[in-house]
Amino acid sequence: MAIFDPRFLSFGNLARIAAAASAPLVLALGATFIILMGSIDLSVEGSMAFSAAVLAAFVANATGTGVGLGLAAIPIALLAAGAFGCIIGLVHVHLKVPTFMASLGMGFVGVGIATVLLGGERVGILDQNIRALALSRVLGLPLSVYVGVLMLAFAWFIQDHTRIGRHIMALGGGEDLAAASGINVGRVRILAFTIAGVFFGVGAVLTCARLGASSALIGSGQLFTAISAVVVGGTALTGGKGGVLQTVVGVLIVIVLNNGMIILGLPSFVQQGVLGLSIILAVLLNSPGRNLAIVK
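Just so you know, we're using the working numbering here: the sequence shown kicks off at 935 and counts up by one.
Mixed in with the good hints there might be a few duds.
Stated by the list, open to error - Label-pair restraints from in silico Cβ distances:
(1) G1058 / S1202: 20 to 30 Å
(2) I1196 / G1146: 16 to 26 Å
(3) A1087 / L1219: 21 to 31 Å
(4) H1095 / F1203: 41 to 51 Å
(5) G1108 / G1002: 30 to 40 Å
(6) G1039 / L1069: 32 to 42 Å
(7) V1072 / L943: 16 to 26 Å
It should be emphasised that the hints constitute simulated quantities derived from the structure, not laboratory data.
Computed from a prediction, not measured in an experiment: that's the story for all the values here.
All C-beta atoms, glycine included, are put in the ideal place defined by N, C-alpha and C.
Please model the entire structure based on the sequences and the hints provided.
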């Protein structure tokens, strides 16, 4: 990209890349925990919509109906997002619904609830403390970038230094073996979806801060970006291989590709095609499918 256009390596453009990557990074980190188990979470957009609606209800907004709690509204929104993810886990574990359908169905539920709470409108966020996450800068970078780095450190700590992180990896490596070794598989799955929900909630808060508004469609397009970043980074869809640090690489690849193609003036359909091909290539490079008799 730098060879094609020298502006790519300017500090201003690199700062834009970092700012654009903050919310997708947090979303992809949450999705990583689910994919490491060998499962999938398609509730990203619904979880974001629900979290954004809850946030709008507890901060000053354009409708005048907000409670006006300021930054104290953020933990409430994250608690709601975690509860939303927990419900997905409960539906999957106790009702025996595959994660694909459980998360997809709950995603639609989240969008529906957000539409009702917001009255089907795009509601402006007036609280300056929330807006500061996108507008205030430290060392030339918006606060959202530092939030993204903090969430990365948190995700890395969970993955490498907690029991739940080790159990998530164990499930991806072989659920039968994990269960035989005494791991409570159902509990791990529910906790993983809860953790992912919290990360989706943080992504929703950052997106609300950037847009200055809450909407039921606030997560539109984010599912594709999050899942593709995880896969491109090298986390195997079969689980047990990869991790949050690889997801950082995947997010940067996806965001840099988009940013570079915008600078080069390529149309959006070309950008989508390039990203789609990169996902297929990443799966080919990280999948043992060619050595398997059956590929599902």
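I'd like to know which numbered hints this structure contradicts. Please list them from smallest to largest.
5
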